[in-house]
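Trainee: Each chain is listed here by its residues.
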Amino acid sequence: MAASYDGAPVLEDVSFEVAPGRSVCVLGPNGGGKTTLFRVLLGELEPVAGRVEVSGRPAHVAQTDRTRLDFPVTALDVATMGTLANGRWWLPPRRADRHAARTTLEHVGLADQADIRFGELSGGQRQRALLARALVQDSPVLLLDEPLSGVDPASATLIERVFGELRESGRTLLVASHDVESARSYDLVLCLNRRQLAFGDPASTLDRETLKATYGHELILLEGGRAVTVQHHEHGHAHEDER
Amino acid sequence: MEVIDFLIDPLRSGIDRRALLELAMVGSLCGALGFWIVTERLAYGAESLSHGLLPGLVLAALAGAPVLLGAAGGALVAAALIALASRDARVGPDTGTAIAVTGLVGLGALLALAPEAPQRLEELLFGDPLGVTDGDLVAAALLLVLGGGALAALHRPLTAVAFDAAGAAGAGIRPGLTRLALLVLLAAAVAVAVQGLGALLVLAVLIGPPVAVRAHTGNPARAMAAGAGVAVAAAIVGIEVSFHAHSAAGASVALALCAAAALGAALRRSRRAARVRARPRSPHRVPTAQAR
Chain L
0 MAASYDGAPV LEDVSFEVAP GRSVCVLGPN GGGKTTLFRV LLGELEPVAG
50 RVEVSGRPAH VAQTDRTRLD FPVTALDVAT MGTLANGRWW LPPRRADRHA
100 ARTTLEHVGL ADQADIRFGE LSGGQRQRAL LARALVQDSP VLLLDEPLSG
150 VDPASATLIE RVFGELRESG RTLLVASHDV ESARSYDLVL CLNRRQLAFG
200 DPASTLDRET LKATYGHELI LLEGGRAVTV QHHEHGHAHE DER
Chain E
0 MEVIDFLIDP LRSGIDRRAL LELAMVGSLC GALGFWIVTE RLAYGAESLS
50 HGLLPGLVLA ALAGAPVLLG AAGGALVAAA LIALASRDAR VGPDTGTAIA
100 VTGLVGLGAL LALAPEAPQR LEELLFGDPL GVTDGDLVAA ALLLVLGGGA
150 LAALHRPLTA VAFDAAGAAG AGIRPGLTRL ALLVLLAAAV AVAVQGLGAL
200 LVLAVLIGPP VAVRAHTGNP ARAMAAGAGV AVAAAIVGIE VSFHAHSAAG
250 ASVALALCAA AALGAALRRS RRAARVRARP RSPHRVPTAQ AR
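Protein sequence lines correspond, in order, to chains L and E. Residues in the first sequence are numbered consecutively from 0, following numbering that gives the first Met the number 0. Residues in the second sequence are numbered consecutively from 0, following numbering that gives the first Met the number 0.
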């Protein structure tokens with residue numbers, strides 16, 4: 000599969016298959032094509048070459064900074080958006096839809112924040128509201144774009160607990176991340192840097208050469224073999240990501 | 000009693016009653032639709048479309064055809080030309096749109112100022128709500144019913160796409176199609192509303208109400224309802240002013256809409272200042288990040 004924006008290629012030579020119930024950590028630098036891969040899997044962006052097949056419609060958990068924080072919706076409204084996957088988009092949500100959304104918000108620890116505006120929630124609470132929307136959708140495949148980025152430790156623990164439950168229930172998870180060390184806990188690792196550099200189990204993919212090819216100068220190898228990445232953001236500053 | 004008489008005076012005139020009915024119906028739809036136009040940052044596109052359809056209006060006037068027909072044709076041609084011009088990456092979409100719209104307004108003025116053209120340029124540019132025909136009222140009623148139905152049906156997809164397009168796509172909503180439906184509604188609303196407010200002032204009824212109620216409403220549905228209310232209130236104020244001050248009706252309504260927007264923005268600022276004043280002062284001030 001290959002994808003491009005306005006004719007400029009951003010992702011090439013991507014070819015992988017994931018069995019149901021497996022978890023995949025998608026590693027790569029900023030601009031490496033992780034979000035683009037998700038957009039293709041969601042059907043939001045047509046591939047310019049190749050094809051994608053997903054069993055069922057994937058649910059998406061965006062990075063919170065890709066959502067509109069000034070938009071007047073509550074955490075409950077966000078969770079209820081997941082019921083759009085049931086069809087009937089032209090009708091108001093049913094009582095059962097609202098109930099499912101409220102129950103899911105309770106599950107992610109946001110029962111008390113259900114009626115608070117999304118933009119007024121903390122970073123971790125926003126991430127949990129987006130996770131609730133994906134859970135309400137009840138999809139067999141979940142795409143999570145850096146779900147632990149910028150969240151507080153309590154939210155991170157809760158989100159990781161939900162990941163575990165999803166894996167146990169046979170859902171397929173694709174999680175975009177910068178966290179090289181946590182990638183070792185996934186079933187599979189996909190390394191992207193504008194093209195696919197590796198795909199397989201963590202032991203065979205997370206070697207020094209592959210990580211260097213994936214991150215280039217953004218990778219720092221520490222004594223004992225631990226790896227951390229330094230992310231260069233669009234505004235020119237850098238910060239170390241060592242979770 | 001004198002005050003009431005003064006206020007209902009315009010309604011004694013059939014012409015003003017019809018103008019008010021036309022503006023109230025168009026305003027109800029446009030005031031609600033405007034919330035999505037502002038949210039999706041389409042104000043410049045809406046302005047371009049309304050100005051760019053001028054040649055269609057003038058050609059309809061020259062041919063003696065209904066204004067609505069000219070507005071619809073003009074909107075289609077303007078949308079196609081704007082889309083074509085804004086695709087040139089070398090000049091950028093804003094510049095391409097500006098050139099296309101200026102060219103279309105120039106063409107419209109050229110046609111309208113030709114010796115054989117009827118003297119109607121002024122009402123095509125600034126509207127003539129006092130001259131609405133039965134056909135205009137039927138078109139406004141259809142816009143209100145069909146457009147209102149479309150807005151209700153599209154409410155959930157528009158909300159999901161405006162909040163997070165990728166997440167909406169994951170839930171089976173097609174963001175591109177949803178935005179296209181919004182543009183079609185915008186074109187229909189502009190084509191109908193242009194009779195009352197003209198090519199230059201029609202934007203006021205789309206942008207004024209949502210700006211007025213922004214920050215004073217808690218969710219999209221309330222913002223749309225409040226926007227519709229502001230548009231109807233501005234129509235009443237505008238017609239009152241026009242009747243008693245003998246001012247141009249379309250321009251009076253447009254100014255009332257802009258005044259409502261300015262008032263809403265000022266109230267927002269004063270509420271924010273009051274909140275800051277009410278905050279307890281701390282000797283150790285810690286900067287906090289707030290999402291706005």
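Each hint should be verified, as a subset may be incorrect.
[Stated by the list, open to error] Simulated restraints, written as ranges between beta carbons of each label pair:
| # | chain 1 | residue 1 | chain 2 | residue 2 | range |
| --- | --- | --- | --- | --- | --- |
| 1 | L | Asp111 | E | Arg221 | 17 to 27 Å |
| 2 | L | Asp64 | E | Asp87 | 45 to 55 Å |
| 3 | L | Asp64 | E | Leu10 | 45 to 55 Å |
| 4 | L | Ser121 | E | Ala272 | 43 to 53 Å |
| 5 | L | Ser181 | E | Leu176 | 32 to 42 Å |
| 6 | L | Ala7 | E | Asp133 | 36 to 46 Å |
| 7 | E | Gly175 | L | Glu119 | 27 to 37 Å |
| 8 | L | Leu68 | E | Leu262 | 24 to 34 Å |
| 9 | E | Val275 | L | Gly20 | 44 to 54 Å |
| 10 | E | Ala272 | L | Asp64 | 47 to 57 Å |
[Said to hold, decoys possible] Some chain L residues flagged as far from chain E (calculated, every beta-carbon gap over 12 Å):
| # | residue |
| --- | --- |
| 11 | Leu44 |
| 12 | Gly86 |
| 13 | Arg87 |
| 14 | Pro91 |
| 15 | Gly108 |
| 16 | Gly169 |
| 17 | Glu208 |
No lab work stands behind these hints, which were simulated from the structure alone. Virtual Cβ for every residue (Gly too), placed ideally from N, Cα, C.
Trainee: Hint says 24 to 34 Å; check whether the CB-CB distance for Leu68(L) and Leu262(E) agrees.
Mentor: About 26 Å separates the Cβ atoms of Leu68(L) and Leu262(E), which means 24 to 34 Å holds.
Trainee: Between Ala7(L) and Asp133(E), does the beta-carbon spacing fit 36 to 46 Å?
Mentor: Hint violated: Cβ distance 55 Å, outside 36 to 46 Å.
Trainee: If I claimed the Cβ atoms of Gly175(E) and Glu119(L) lie 27 to 37 Å apart, would that claim hold in this structure?
Mentor: holds (30 Å)
Trainee: Would you check whether the claim that Glu208(L) is not at the interface survives, using Cβ distances to chain E and the 12 Å cut-off?
Mentor: holds (33 Å)
Trainee: Going by Cβ atoms, does Gly86(L) stay more than 12 Å from chain E at every point?
Mentor: The assertion about Gly86(L) is violated, with a minimum of 7 Å to chain E.
Trainee: Quick one: are Val275(E) and Gly20(L) within 44 to 54 Å, going by C-beta?
Mentor: holds (52 Å)
Trainee: Holds or violated: the 32 to 42 Å window for the beta-carbon distance between Ser181(L) and Leu176(E)?
Mentor: holds (38 Å)
Trainee: Given the hint of 45 to 55 Å, check if Asp64(L) and Asp87(E) actually sit that far apart at their C-beta atoms.
Mentor: Since Asp64(L) and Asp87(E) have Cβ atoms about 31 Å apart, the given range 45 to 55 Å is violated.
Trainee: Confirm or reject: Pro91(L) is not an interface residue toward chain E, with every Cβ-Cβ distance exceeding 12 Å.
Mentor: violated (7 Å)
Trainee: Using the beta carbons of Asp111(L) and Arg221(E), state whether their distance is inside 17 to 27 Å or not.
Mentor: holds (23 Å)
Trainee: Taking the beta carbons of Ser121(L) and Ala272(E), is their distance inside 43 to 53 Å?
Mentor: violated (26 Å)
Trainee: For Arg87(L), is the shortest beta carbon distance to chain E beyond 12 Å?
Mentor: Answer for Arg87(L): violated, closest chain E Cβ roughly 9 Å.
Of the numbered hints stated above, those contradicted by the structure are hints 2, 4, 6, 10, 11, 12, 13, 14, listed in ascending order.
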